[in-house]
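Protein chains in written order, with numbering that gives the first Met the number 0: chain A, 0 to 337; chain B, 0 to 337.
Hints in this document: simulated from the structure, not taken from any laboratory.
Incorrect hints may have been included.
Cut-off 20 angstroms, straight-line C-alpha distance, at most; resulting in silico cross-link-like pairs (EDC-like, lysine to aspartate or glutamate) [unchecked claim]:
#1 A:Lys310 with A:Glu205
#2 B:Lys114 with A:Glu205
#3 B:Lys105 with B:Glu327
#4 A:Lys167 with B:Glu43
#5 A:Lys114 with B:Asp101
#6 B:Lys181 with A:Glu102
#7 A:Lys32 with A:Glu43
#8 B:Lys58 with B:Asp270
#9 A:Lys181 with B:Glu43
#10 A:Lys114 with B:Glu102
#11 A:Lys172 with B:Asp242
If you only want the chain A side, here are some residues facing chain B, beta carbon under 7 angstroms, derived [unchecked claim]:
#12 Arg37
#13 Val38
#14 Ser40
#15 Pro46
#16 Tyr51
#17 Ala55
#18 Val100
#19 Leu123
#20 Phe127
#21 Leu145
#22 Ile165
#23 Ala166
#24 Asp168
#25 Thr171
Glycine included, every Cβ here is placed at the ideal spot set by N, Cα and C.
2 protein chains.
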Amino acid sequence: MSTLEATASKITDQPIIDQLIEHTCAEMEEVNKLLLSRVGSHVEMVPQISNYLISAGGKRLRPMLTVAAALMFAPKDQQHISYAAAIEFMHTATLLHDDVVDESDKRRGQQAPRKIWGNAASVLVGDFLLGQAFMMMVEAGNLEALGILSRSAAIIAEGEVFQLSIAKDFNTKIDDYFEVVKAKTAALFEAATEVGAMAGGANSAERAALKTYGAQLGIAFQLVDDALDYGGMSGTIGKNVGDDLREGKMTLPILHALQNAADADAQFVRDNLGDQGANQATVEKVVGILLSCGALKTTLNRAREHANLAKAALEPLATRNGAQILIEIADYCVERAA
Amino acid sequence: MSTLEATASKITDQPIIDQLIEHTCAEMEEVNKLLLSRVGSHVEMVPQISNYLISAGGKRLRPMLTVAAALMFAPKDQQHISYAAAIEFMHTATLLHDDVVDESDKRRGQQAPRKIWGNAASVLVGDFLLGQAFMMMVEAGNLEALGILSRSAAIIAEGEVFQLSIAKDFNTKIDDYFEVVKAKTAALFEAATEVGAMAGGANSAERAALKTYGAQLGIAFQLVDDALDYGGMSGTIGKNVGDDLREGKMTLPILHALQNAADADAQFVRDNLGDQGANQATVEKVVGILLSCGALKTTLNRAREHANLAKAALEPLATRNGAQILIEIADYCVERAA
């Protein structure tokens, strides 16, 4: 294969997430500048903690979705930049608070901020970022978009309280689980694509399509996350595997196993759910049970269904700029767990 | 004295806080209805925790200030009701998060919610209330008022992070202390009166006057709180006295003592500041030191100065409906520590 062929094939084979990054990179540079400019404070812990999380990266999937949704149409001013930055600040605030809520030690592959600066600072800097997110939205001057974001802020929090209240509750129904997923994860994805479409000047049908796309993608994304917490389809035991087990989270893999595993296996899951000290051997045995009763496969099948709904929502807009990337991103979100 | 005279004199002697309650009671009933209607959720902990704090009362000083500011002019629609409710939700969210930050056991004379429902629920329900506050503001439809509230949300959080970062820091300057006070307390008082004036249709000079009134009243209020945490002028040791000492807060009474008390006394304060296990005898000795070196008197004198600035700001509006009540409320805020 010649160098030219290799290059051509490299472009074609470029992973879809890299295509999304490339497609949105000029705008995301503006978003990043805006984010950095808005965490400035003479109170050192504010930029320290914010930058720690912002530079640790993560893929910035949510603000990229906002930008990509806007680019499908014709964004005129900088609204899509402000909206994308506000979405990322809301997400970062959620991460800071979640770490406190879950008593997590790790975040984005490094120490959780609360382990370095403490719970108090994590709560307060989260509040600061939430305030900044709303200030940016106010400056962008669109009341309707502000309504969408403030509503999702309330829904996300409500969903997390619900998740907390059903932890270790063996009466939890699969519908309860989906309610949590829609609130704690899908609500922000949905807001991200809907405000992006608004900033692009989408008409109401187009906006509804992007809103559905975001919501369904968010559900698929969380289902996959919940499968990955038990190693995904390969059952690979990585560093964070078993966190949900220790926290007693009633995720779909667990709910499926409680209903479908052999009695002794279901009892083993029940006995160890919420045991903060569950060791590697216990986690491995639970993963084995989830694999053998089909819990991980079922979870990923459900994720695939929602990814397909996300793709279907974009079908009528398939010829729009960048639409194919968003369509394939739905596959990517599921395939990362294969 | 006849019954009639007694009644008349009772009205005249009615404590000013009761006059404020009476002056705003029709509107506050609407505010309360709105608050209760906005904490509804099938997720039981959301209304449970919210109502626990909302019905525990507190005086609702901040939303009453919003209503009273509006009533000085001619509020047309229900904006002042929405703004007042949003201010109270923001305040309640702050209380929930503060209890987690300060690891408090008590709030409004009863167990802190975090002692009943845990830190995680307190953080998340605080987030929910913040989201609801912004939703109400969006529904009220005034972008400028939304800007004022979102800015104060960020300022309050930033001020609390600053307070946290200077805890037990003996290099703290009196200016640092005032910066914390302005951010963590005065910012919300200032927003409360400013958005109230806006809802009433005040012109820009009137709005500026109310904004200054709120800011100065807020500073006075916090200075008095910080003196009361050591028993106020009487040095009475009530149930929460000494909390700030145990948390290592660098409040004005402490900063004054460190600079002005006899060497051995200053050393005693330094040695015990931030000692979470400080016992009654230690607290009493610190209170004695603060009384004898004039720290509490100085703090209350500074509070008086700011209360006077609050009153002066309202002078040009002294003939407006209810202005005298707001003017006297400034005295009340200082006198409660006498």
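These are the hints, each one checked on the structure:
1. A:Lys310 with A:Glu205: holds (14 angstroms)
2. B:Lys114 with A:Glu205: Violated, at roughly 48 angstroms.
3. B:Lys105 with B:Glu327: violated (30 angstroms)
4. A:Lys167 with B:Glu43: With Cα atoms ~16 angstroms apart, Lys167 of chain A and Glu43 of chain B stay inside 20 angstroms; holds.
5. A:Lys114 with B:Asp101: holds (17 angstroms)
6. B:Lys181 with A:Glu102: violated (32 angstroms)
7. A:Lys32 with A:Glu43: Between Lys32 of chain A and Glu43 of chain A the Cα gap is close to 19 angstroms, so the pair holds against 20 angstroms.
8. B:Lys58 with B:Asp270: The given pair, whose Cα atoms are some 36 angstroms apart, is violated under the 20 angstroms limit.
9. A:Lys181 with B:Glu43: Holds. Lys181 of chain A to Glu43 of chain B sits at ~18 angstroms (cutoff 20 angstroms).
10. A:Lys114 with B:Glu102: holds (17 angstroms)
11. A:Lys172 with B:Asp242: Violated, because 44 angstroms separates the two Cα atoms, which is more than 20 angstroms.
12. Arg37: The hint is violated - Arg37 of chain A has no Cβ within 7 angstroms of chain B, the shortest such distance being about 9 angstroms.
13. Val38: violated (11 angstroms)
14. Ser40: Holds, because the Cβ-Cβ distance from Ser40 of chain A to chain B comes to roughly 6 angstroms (cut-off 7 angstroms).
15. Pro46: violated (11 angstroms)
16. Tyr51: Tyr51 of chain A check fails; min Cβ-Cβ to chain B is 14 angstroms, beyond 7 angstroms.
17. Ala55: With Cβ-Cβ at 19 angstroms, over 7 angstroms, it is violated.
18. Val100: holds (4 angstroms)
19. Leu123: Leu123 of chain A check passes; min Cβ-Cβ to chain B is 5 angstroms, inside 7 angstroms.
20. Phe127: Constraint on Phe127 of chain A satisfied, holds at 4 angstroms.
21. Leu145: Cβ of Leu145 of chain A sits 5 angstroms from chain B, so the hint holds.
22. Ile165: Violated, because the Cβ-Cβ distance from Ile165 of chain A to chain B comes to roughly 9 angstroms (cut-off 7 angstroms).
23. Ala166: The hint is violated - Ala166 of chain A has no Cβ within 7 angstroms of chain B, the shortest such distance being about 9 angstroms.
24. Asp168: violated (12 angstroms)
25. Thr171: With Cβ-Cβ at 13 angstroms, over 7 angstroms, it is violated.
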